[in-house]
Amino acid sequence: MCAKDHFEGKGALEHVAQMKAKGMLSEADIHGTEVPGPWPAALDAAKETAIVLLLFQTLFSLVQASSWVTFTAALTFSFGWILWKMGRSAWLGWARLERLHRLLAQEKWEIEHNRPQEREELAVLYRAKGFEGELLEDVLDVLMADQERLLRVMVEEEMGLSLQKQEHPLKQGLFAALGSLISALICLIFLPWSLLVGAILVVALSSALSAHQLNNHVIPAIVWNVGLLAVAYGAVFFMTRYALHG
Amino acid sequence: MASSRPLIFGEYFETGRPETASPFLTPTSRHLGHNLPLKSALTSAFLLIFSFCLIQFTNASDIGYFTLILVYFFAGIPSLIDSVEDLANMQINIDVLMTLAAFGSVLIGSPLEGALLLVLFAISGAMEDAVETKAKSALSHLHSLRPTRAFVVEDEGHIVERAVQDITVGTHIRVKSGEVVPLDGTVIKGASAVNLVHLTGENLPVTKTVGDAVPAGGQNLEGSLTLSVTHTSADSTLARIIQLVTQAQEARPKLQRWFDALSKRYATTIITLALSFTLLLPLVLGIPFFGTDGSLYRSLAFLIAASPCALIIAIPIAYLSAVSICAKRGILLKGGVVLDSLARCHAMAMDKTGTLTTGQLRCTTITPLNTLQYSPEQALAAAQAMELHTVHPIAEAIDRHAKKQKITPFPLDHFKTVPGYGIQADIHVDEDSVPAQMGNLAFITRSVDAETKQLLTTTCRAIEEQGELLAILKLGDDLFIFRFQDTLRPGIKETIQTLKQHNDLQIIMLTGDHPSNARAIAKAIGIDDYYANLK
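Respectively, the protein sequence lines represent chains L and G.
Letter 213 of the first sequence, counting from 1, is numbered 212 in numbering that gives the first Met the number 0, and no numbers are missing.
Letter 436 of the second sequence, counting from 1, is numbered 435 in numbering that gives the first Met the number 0, and no numbers are missing.
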């Protein structure tokens, strides 16, 4: 494969930038979609909507007026929903891992079969860091001499990927299940009085923890998310009441 | 040459890219992926039993059917994926048959039977994976022996580190003391002792000087060598050995290969028959397509009955059980194909060093040649003092022997290694400083008169004829010959006799060692056929 084919008509710098973006995209942990984009988003939303509608349709066919039946239906619905969230989270983790492994294998192939081009990519990366002349050549010689080291540099610096940082998909799934379970328990505990209060509590707590982890502002995160919850709840409550009773 | 950070890509690529070696997963969470297919299959089996009990014996059949769905999920999804991919590639095989039968059983109201098929199929596949994983883990160790970098000597004399695949034939490389030889080459400068234990099995280093060929994978001991590369990394001796071992270990057992070939024909026949029954029975017998009396129902029942689940699970269970039982008894089998070979073999070839012997040299005697001043005990103390400064199998043997004799080493000064020949120093014996040299015949005979040289040469040849190894110490004017033998493995003689008599096997010994040494070992063990000096 010649240099032109390897860089697909672009220069080395443009190629490196594109690979970096590709790597960061693959590593992104974006809940709700496998890969960002309109089509994946549409398909994922369709999936979640289908399962929720299915569960609710099943629930509505069984629900009667008594609070015990309502509680039981909510409990069984929660069980199904936890299974869904757990499996989905694990699957997203595996899908991400598959993407990353494919990128890694591709980069290894490039290193083994396009060594002059890989050297050129390295030169671009390290020239950007300020290396020039003989020092740059020495750095390139050292990096090109060790396959393991070269692959690590390309993965981390060209593609912007982090090594040994992802948790196993099963662990991600288990944590998703745990989060869903705790949320369901809190909501069910509040069900006899007001499930809405329980839901607000769960949304507020989870928003606060999430914002804290990302070092974002906590209070706006709580207020915005609880606000969105209020909008969604209000829509369902008032629209349903309007639809049923005119 | 080793990286300062541990290798994380090597194991991943060399063992077939398993999830458990993924460079992206944290080291602590990788273990969650260990034997995942087997865990999933066993979970399915447990859920199936639970489901059966609930459906058959309790009023909670709804819960039983839910757990059955979980069985289809854990055990059925992987086989469904394989089957769909096979069909997309226009392949009909046992995977397709089993999956069709399993999911088809749901249509005829026999989901439990279908789940049983899937569980057995999943357990069979998981056990095959477990056997293959054992074989692949051994390959990782083999790949770690292969150097990835070399020091290239450029025209101006500069030394530059390069990846081995960038080095062409004719390039000059420097192999420093203690390093593994990265590429096959011919010595153009320097001399040293090179240990070829990973290539030939012989633990005793071989002296390499100008003009000698040095294979990749050898361990350079004390000197520095400059080589002219004769083969690229893809063609090196070590690469060929790794390739042969990899091919041998990736071979599937004979029974498995027979089953793979048979199963394709069988699956195609059964599926074709089932389709034929579905379409033709209504025409021939006048029965309906659908319903419990229909042709579809009967065809699916035929499909389920014809699924060879017993055969599928029997083969990997047999191999895995054998491998596990052998492992518990200290016998490491690198795959099921080895069992096939063991069952059919009439002759067995064994490497000498490390197999029939421990590979550990033992100092047997110290023979004085022309002792004038010093005793053998003093000679041992002097030898130990010098050998403590080197890394060599003979040095280890002398040190062990001295410690056993409770000898204390003499102090010394001006220690020096003469690569490929021996060592020398000034030994403090009592209050005198005595010059000492220890090494091979060529090294010692440089500093003795003609008559002593003749005596030394004759004596050494006679010792070598007996199959012993030797090293010579010159302490002042006194000469001592240290004699070494390889240690036979405990019980090896009886083991070989048992193999010959009870199992009617022809036993052959292979070694790269000297014929006289090989003859002595073969005679001691009771092996009639041996081949020595092998390269």
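If you are wondering where the hints come from, they were derived from the structure by calculation, not from laboratory data.
Ideal Cβ positions, reconstructed from N, Cα and C, are used throughout, including at glycine.
Mixed in with the good hints, there may be bad ones.
What the hints assert, rightly or not - List of simulated lysine-lysine pairs, DSS-like, C-alpha gap at most 30 Å:
1) G:K175 <-> G:K415
2) G:K38 <-> G:K253
3) L:K128 <-> L:K84
4) L:K128 <-> L:K19
5) G:K175 <-> G:K327
6) G:K175 <-> L:K107
7) L:K107 <-> L:K128
8) G:K327 <-> G:K499
9) L:K164 <-> G:K38
10) G:K492 <-> L:K170
11) G:K38 <-> L:K84
12) L:K84 <-> L:K164
Said to hold, decoys possible - Under 7 Å between C-beta atoms, here's a sample of chain L residues computed to sit facing chain G:
13) T69
14) R98
15) G226
Now for the hints, and whether the structure bears them out:
1. Restraint check for G:K175 and G:K415: satisfied, since their Cα atoms lie roughly 17 Å apart, inside the 30 Å limit.
2. Restraint check: the Cα-Cα separation between G:K38 and G:K253 comes to about 27 Å, which is no more than 30 Å; the hinted pair holds.
3. Simply put, L:K128 and L:K84 have alpha-carbon atoms about 43 Å apart, too far for the 30 Å limit, and the pair is violated.
4. Proximity of L:K128 to L:K19 is assessed by CA-CA distance (about 15 Å); at most 30 Å being required, the pair is judged to hold.
5. Between G:K175 and G:K327 the CA atoms are separated by roughly 42 Å; this puts the pair beyond 30 Å, and the hint is violated.
6. With a C-alpha separation of about 29 Å, the suggested pair G:K175 and L:K107 falls inside the 30 Å cut-off, and the hint holds.
7. The straight-line distance between the Cα atoms of L:K107 and L:K128 is roughly 23 Å, inside the 30 Å bound, and the hint therefore holds.
8. Pair hint G:K327 plus G:K499 holds up; C-alpha atoms about 25 Å apart against a cutoff of 30 Å.
9. Restraint check for L:K164 and G:K38: the C-alpha separation of about 25 Å stays at or below 30 Å, so the hint holds.
10. Taking the CA atoms of G:K492 and L:K170, the gap is near 53 Å; set against the 30 Å cutoff, the hint is violated.
11. The straight-line distance between the Cα atoms of G:K38 and L:K84 is roughly 21 Å, inside the 30 Å bound, and the hint therefore holds.
12. With a C-alpha separation of about 22 Å, the suggested pairing of L:K84 with L:K164 holds against the 30 Å cut-off.
13. Because the closest C-beta pair between L:T69 and chain G is about 19 Å apart, greater than 7 Å, the hint is violated.
14. Checking L:R98 against chain G by beta carbon gives a least distance of about 10 Å; that is not within 7 Å, so the hint is violated.
15. Taking 7 Å as the C-beta cut-off, the interface hint given for L:G226 is violated, the closest approach to chain G being about 36 Å.
In summary, the numbered hints that this structure violates are 3, 5, 10, 13, 14, 15.
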